[in-house]
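Participant: Starting from the known structure of chain A, arrange chain B on it as the hints suggest.
Taken in sequence, the protein lines are chains A and B. In case it helps, my numbering puts the first sequence at residues 118 to 319. In case it helps, my numbering puts the second sequence at residues 128 to 397.
You may find that some hints are simply not true.
Said to hold, decoys possible - If you anchor each label on the Cβ, the simulated ranges turn out as follows:
# : chain 1 : residue 1 : chain 2 : residue 2 : range
1 : B       : W205      : A       : G178      : 49 to 55 angstroms
2 : A       : I312      : B       : R367      : 52 to 58 angstroms
3 : B       : V254      : A       : L244      : 54 to 60 angstroms
4 : B       : V155      : A       : G280      : 45 to 51 angstroms
To be verified - Chain B regions said to be covered by chain A (calculated; three or more residues, Cβ under 8 angstroms):
# : segment
5 : 253-265
6 : 309-318
Unchecked claim - In silico DMTMM-like pairs for lysine to aspartate or glutamate, Cα to Cα no more than 20 angstroms straight-line:
#  : chain 1 : residue 1 : chain 2 : residue 2
7  : A       : K289      : A       : D300
8  : A       : K261      : B       : D161
9  : A       : K289      : B       : E162
10 : A       : K289      : B       : D161
11 : B       : K175      : B       : D296
12 : A       : K289      : B       : D337
13 : A       : K261      : B       : D296
14 : A       : K261      : A       : E281
15 : B       : K178      : B       : D226
16 : B       : K321      : A       : E281
17 : B       : K234      : A       : D255
For the record, the hints were derived by calculation from the structure and aren't laboratory data. All figures in this text were calculated on a predicted structure; none of them were measured in a lab. Every residue gets a Cβ at the ideal spot worked out from N, C-alpha and C, and that includes glycine.
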Amino acid sequence: MVYVVNWENRHLYASELDQMFQSRYETFIGMRRWDLDARDGREIDDFDTDDTIYLIDSKDGIVNSSARLISTEHPTIINTVFPHLCSEEPPCSSLIWESSRGHLSSRATDPFAWTRVMLAQLEFSLLLGVEEVVFVVDTFLLPKWVSAGWNLKPLGPPTEVDGESYIACSIKVSSAALRLMRDRYQLTRPVLTYIADVPEVA
Amino acid sequence: MGVQKEKLVQVPRIENGIGLMAGFDIRVIQEFADESLRATSQDDIVEKFRKESRQFGFDYFVALSLCDLADPPEDVVWVDQSPKGWDQIYIKNDFQNVDPYFAAAVKQRLPFVWSDCLDRVQRSKGVAQPTHDMLDEAASFGYGDGISIPMLIPGTHRGCVSLTGERPDLSQGPRHTIHLMAIYLFEACLRINKSALREWKAKEFIALTDREKHTLQLLGSGLNASDISEVLKVSEPTVRYYIKNAKQKLGANNVTHAVAKAMLYGHIEI
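Next up, chain A with everything else stripped away, as it sits in the complex:
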């Protein structure tokens, strides 16, 4: 299952969040060699705030995959670090959210976990009335994303950053897109789970 973790229920997921930050460190700093902030072997940056939503795929307490979502009303990677990746004004709306740090953990026990996290992003967006999800992707992966059936549009030209080419993109959220993706990945049931912290009645 993919768990929605926000500021209200994050104390229920202390272990999962810690594993996620470690896994982000291994993936983005260790393997991809991105120059990011790190604290004690964990990749945590200024966009990990109380406004951030994490979608974490975990089973038996082991985190397989995750992504974070931030409303572009708040500071995001695209609107603060890489606004130049957009040909027009970078998105800034409660209806447009940014997805970042999406990855499959190198310790994942289930290779389909990332697929579930992708679907979870669509489910979450539909539930919240989010109309678009924006993100930055390696340019060479664009044909794969376009052919996967996402209604995906570039927001600007491919741009070189530190020797690699990246591009900002947007996906239109719709129930049709969710159906298409569920059919494609043969996942017919919702993957998203939200466990609220219900206070005990005295």
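Facilitator: This is chain B only, laid out in the frame that chain A set:
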């Protein structure tokens, strides 16, 4: 992605003019993307791409799956807008084996300009005579400099869209425009081809007899087995035999399913 640490900074205002790049209009590209994602005809989207690329001096292009061009498998993209006769000369002379751009497209992940590619080959191992011969022959067909855009899509053959012309504009804006449009062109061709192939295979390999088709046609019109036996002037068990065979061939669960599938594959029209 790491030159600049991801520090929280003030959202910068995009002043007028910032983000403008000659030959690159994101809205035109997004419109092309919209059209191609909805496209059901390969010819239409190829024609649209041809018009867009012509603006930048690209007279010719191909969108191909990188496979043995002399004997391509059936589930491939094959759009050939090269000058008349060039494809035959290319295949007849086995130019695929000496074509430096084909070799680069098999290895590279990102678009490359042909003259840059040739420079790299020249610097590393030199350009062999057969390659020179191929390039001379290509020039006689109106091939100048060009660009190739590799397509890496899991589960399909590696692909490539290549464009050329006598004097194409290979500055940054047109390069990015063509790069992004080519990705959508390739997606549309791949999707439309797969769908056409599925339909063709369905028709080709499900060989219904004329009697079976006629029976399904009549069932679709609302007749039952008894009515059909009168129309076809055969016994009712014979009609049931036709229905059973048709259901089996179509892999249908029931009569309605068989009629629907026969319609879908174009065996009958109701």
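Participant: Of the numbered hints stated earlier in the document, which are not met by this structure?
Facilitator: Of the numbered hints given earlier, those the structure breaks are 4, 5, 12, 13, 15 and 16, listed in rising order.
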